[in-house]
Amino acid sequence: MFDEKELSGIKKAREEWEEKSYKEYLKKHPERKKRFTTLSGLDVKALYTPEDIAHLDYLKDIGFPGMEPFLRGIHATMHRGRIWTMRMFSGFGTAEETNKRYHYLLEHGETGLSVAFDYPTLYGYDTDHPFARGEFGKCGVAVSSLKDMEILFDGIPLDKITTSMTINGPAAVIWAMYIANAERQGIPKDKIGGTIQNDILKEYIAQKSFIFPPEPSLRLIIDTFEYGSKYVPKWNTISISGYHIREAGSTAVQELAFTLADGLTYVKAAMERGLKIDDFAPRLSFFFNSHNDFFEEIAKFRAARRIWAREMKNLGAKKPRSLWMRFHTQTAGCTLTAQQPENNIVRVTLQALAAVLGGTQSLHTNSMDEALALPSEKAVLIALRTQQIIAEESNVTNTVDPLGGSYYIEWLTDKMEEEVYKYFDRIEQLGGVIPAIEKGFFQREIAESAYRYQREVDEMKRVVVGVNKYQLDEPISIPILKVDEKGERIQIERLKKLRRERDNAKVEKALNALRKAAEGDENLMPYILDCVKAYATLGETCDVLREVFGEYKEPIIY
Amino acid sequence: MRELASKVLKGDTRSVARLITLVENNSRNAANAMKIIHKHTGNAHVVGVTGVMGSGKSTLIYELARGYRKQGKTVGIVGIDPTSPFTGGALLGDRIRMQELACDSGVFIRSMGTRGALGGLTGAIFDVIEILDASGKDVVLVETVGVGQGEVDVVKMADTTLVVLVPGLGDSIQAIKAGIMEIADVFVVNKADRPGVDRAVAELESMLDLKHVEGERRTPVVKTVARKGEGVSELIQKIDNHMNYLKEQNLLELRRRKRYEAELVEIIRRELMSYIFDEKRLKGKIDDLVDRISMKKMDPYTGAEEVLERMLR
Amino acid sequence: MERKIRVLVAKPGLDGHDRGAKVVARALRDAGMEVIYTGLHQTPEMIVETAVQEDVDVIGLSLLSGAHLTLFRDVVTLLKKRGMDDVLVVGGGVIPEEDASKLKKMGVAEVFGPGTTTDEIIEFIRKNVKK
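Chains as they are written, first to last, in the working numbering: chain A, 1 to 558; chain B, 1 to 313; chain C, 1 to 131.
A few of these clues could be false.
Stated by the list, open to error - Straight-line distance between alpha carbons at most 30 Å, and here's what the computed DSBU-like set of lysine-lysine pairs gives:
hint	chain 1	residue 1	chain 2	residue 2
1	C	Lys105	B	Lys35
2	C	Lys131	B	Lys283
3	A	Lys45	A	Lys5
4	A	Lys497	A	Lys516
5	C	Lys4	A	Lys482
6	C	Lys4	B	Lys283
7	B	Lys39	B	Lys73
8	C	Lys104	A	Lys486
Keep in mind that the hints were calculated from the coordinates and are not lab data.
Modelling step: build the complete structure from the supplied sequences, incorporating the hints.
Below is the structure:
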C-alpha cells in the first residue's frame, strides 16, 4: 500500500526507534506484562506502523463502503444515513406484561422490537406441559398460541415497526403466529418486517434450545427461506448467530469463524434444495456479540463483512445485496457482574461503542442487573439511553468507518481473517459443520476456551473489576424485577379456555394435514399457518413435528 | 453390616449404592457384608462392553437395557471412566446417555472411575458385579473405558464380552491387535449407517475365517445403529445365545471360575497393599526405602525383600 | 485407598446454559473429585434418583432460567423423602440475593453467585461435605 522507498525508510526508522527509544525506555520502565494479547490470544505489539499493513492493497482489500470488499461498510453512508436500530431484547411473564414493557420501550425511544420467549416456549411446550413446571415467564414471555401473540402486540402497528424474535426450534410456528396476527390486524404479509433467529446450528453448538435433529431442522429452515422470499419479502428469515457461541465461552476468532461457517452451511443447503442464491441471500442476517476487547471487536465486525462478501461471491451470488453482511449486535452478557452492578453501565457503554464503530445495523444494550435478574424498568432505560447518547452526543457517527486506516485495526482485521480461514480449513477436514457438530468439535473448542478463561480469572491473571480486584464488601442492593407468579395460572386458564372454545375438529384436521406434509417434502409453512390460525397451540403443533422428526440428543463435551 | 447385606439382597437401591461406595473405598466393614451376599450370586448374566472412545458404547448399553427391560428383566449398569493420574479426579459421563432410565426402578446405574487400575476397569469391579448380582439384577452390563487395545481385563469378569467397532473409526480391522480379536464373544459393528460398514464386516468375517476351528463356536458379528435402536434385538439374541452355549457346553462354570480366581487375587492384592502401605508401622519404612532407592543406596529388589521379610515374620 | 468426594452436577429444568456447569465439573475433577454430570433437562426426580444410585456426597445444581425456587425446592424435598439428608446441596446461576436466602432456608447449603471462583466452590465442598 505504500511506496517501496518510503516503506524502507520507515522500516529503518522504526528499527532505530526500537533499538534506541523503546528498548532504552524498557530498561528503566519495564512494561506491565510480558505478553500483551487480545482476548482471543493474538499477540499485540507495542506499536503498529505502515509496515504492518504494507501488504494490503487499499482498493482491493479495504476499499469503499457500499462496494466490494464491503470492509468499511455495507452502505455508502452507514450511520450518517441511518442510525442503527435500537432494539432491546425483552420479555417476561404473560403477554400482557410484556406488551406493557414494549410500549414503555417504544415510548422512550427504542426503534425496533425484540421478543424474548420463556423456556417452555423455546422448546415448543405449552405453559401447562409438565416440563414447564417452574419455568413459566421466567426468562421471557410465554406464547402458547396465536391468542398470546395477539395480546403481545396489542396496540403496536406491525406495518410501522419491525420485530425480531429469538426463537429457534419452533421458529416456523412462532413466525406463523406473527404473520397470522398481522393479517388479523389487517396488515398483509408482504408488508411486515422483522427477523426470526431460526439458527439451529448454533443451538447444537451453544444455546441448546434445539428440538429436532439436524436434517429435519434444516428442512424447516429452508422452508422458511423459500416461503419468505416468495410471500414475506421484508422479513429476515434467519439471524445467523455468534452471540451465544461467545457467551458459551468462545473467543472472538471462534465466534466469527463458527458463525460464518454456519451461515455458509445454510446457504449451501438452500442451494442444494434448488433455491437461487440471489433469491434468499439478501434476507440472511447475522447476530454478533460485543465483548470487552474494544479493538478486537471492531476488527471482528469489519472482518466479518469482508469474509462474507468474498465467500458469497465464491458461491455464485451476483446481486450486491446478496453480499451484504447485515448484523444485529448485543453487548456481552457474560462480562457483566453481580457485584457493583452500576459498573456494568460502563462496560455496556464501551461494548456498545465498539459495535457502533464496527458498523452494526441494530443494537441491544444489556441492563446493569443482567447478572441478577431480568431488566428492571430503570435499568433498561439506562441501557437504552446509552445508545441514544452515543448516537446523539458523541459524534462518532459523523463519518463512516472512522477507525479505517488505523495501522493496528487494519492489521488486526487482517489477522483475524487469517485465523478464521484456519478454522474454515479444520471444519472442512472434519467434513463440514454438521459432521463437526456430531464429533463435538465446536463444543470442545468452546469448553476449552471457557475453562481457560475461568482459570485465568481464578488465578488473577485476568482482572474483573469489582470481582477479583477493587472489591467492595457491600451487599448487592439494587431493585430487581420479579416475575408475577399469578401469571402462570392466568396463562393456564387461558389455554384451557382456548382449547374449549376453538373449533377442535378444525384443529385436528390442520394438525393431521401438517403431519402428512411433514412426512413428505412439501414446504410446511402453509400447513403450519393453517394450524396456528385454527388456534392449535404451540405444543400441539410441535408435538406433531416431534412425532415425525424425532428429538435430538446431544453428545456431551466438557 | 448384616442389615446392609440383607437390604442389598432385597434389592434396596440406597443400600446397594452404599455398599458399592464402601467396597470402593476399601472400608473394613464392607468385607462383612460381602461375605454374606456371595452365596446369593451367580444368577446375573454379566456382559462386558468394550471398544474405542466414540464407538457408541453408552448408547448401545442404553438400548440393550431398554431391550432387556421390555423382556421384563432387571438390569444393572456399570459405567467406567478414567481417573486422572495427575489429579485423582474423574469426569464420569457414561450415564448421560442413559438418563431416561434413571427413574426406572428395574435399572440401577453406577458410574465409577478407574482409580488407578489398568486394563479399562476398576479394582472394585468384582465386588460391584457381586453386589448387583446379589441384589437381584438379571443382567449386569459393564462399560469399560474405551482405550481400545488394552482392555483384555474385561474377559476376566464378564460371561459375555462384546467388542464394539465403528467403520472408519480408529484402526482398520487388520490393525486390531490379536488380544482384542480373541476376547470377543460377539462383535458389534455400531453406527452401521456409516459408509464402510460392509467392508468392516467383511474384514471381520475374513479374520474370523482364519481363526475359526471346525466344531467350535464362531463369533457372531452384529450390525447396529444404536442411536436408532436398530440391530439391538438381534444383538440381545446373540448375547442370550452365547449364555446358552456356555451352559450347554459346561463352559459357564469355567468362565466364572476365572472370575472368582481374579476376584480372589484382587482382594488379596488389595489387602496386602493396604496392609503394607496404609499400616502406620510400615509407611515410614516404605518412604525410607524409596529414598534410599532413589539415591542408589539400595536397589528395588532388596527393598522389596526387606518389606516382605518383615511382613512374613 | 482413599475416599473420593463424589459430586453430581445437574441442570434441572429446561435451562440450556451449561457453560458454568461444565467449567465447575472440570474444576472439581481437577481437584480430585469424581464428578457425575448428567447433561441438560433433568427433572428433580431424575436428579435425586441419580444421587441415590451414585451415592453422591454433593449435589451441585446449576440454573440460569429463573426457575430455581421451584426446582431446587423439589430436589431438596425429594432428597429428604429418600432419606438422603446428609447430602450437601449447593447451587449456582442467576439467583438474586433474596432468593438465595430463601433457598438456604430450604436446605441448600450455599448459593454460589456470579463471580465465585472455582477454588471457593472446591474449598466449600471440602470443608462441608459429610465425613
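Consistency of the hints with the structure:
{"no.": "1", "hint": "C:Lys105 / B:Lys35", "result": "43 Å, violated"}
{"no.": "2", "hint": "C:Lys131 / B:Lys283", "result": "24 Å, holds"}
{"no.": "3", "hint": "A:Lys45 / A:Lys5", "result": "24 Å, holds"}
{"no.": "4", "hint": "A:Lys497 / A:Lys516", "result": "28 Å, holds"}
{"no.": "5", "hint": "C:Lys4 / A:Lys482", "result": "40 Å, violated"}
{"no.": "6", "hint": "C:Lys4 / B:Lys283", "result": "21 Å, holds"}
{"no.": "7", "hint": "B:Lys39 / B:Lys73", "result": "21 Å, holds"}
{"no.": "8", "hint": "C:Lys104 / A:Lys486", "result": "24 Å, holds"}
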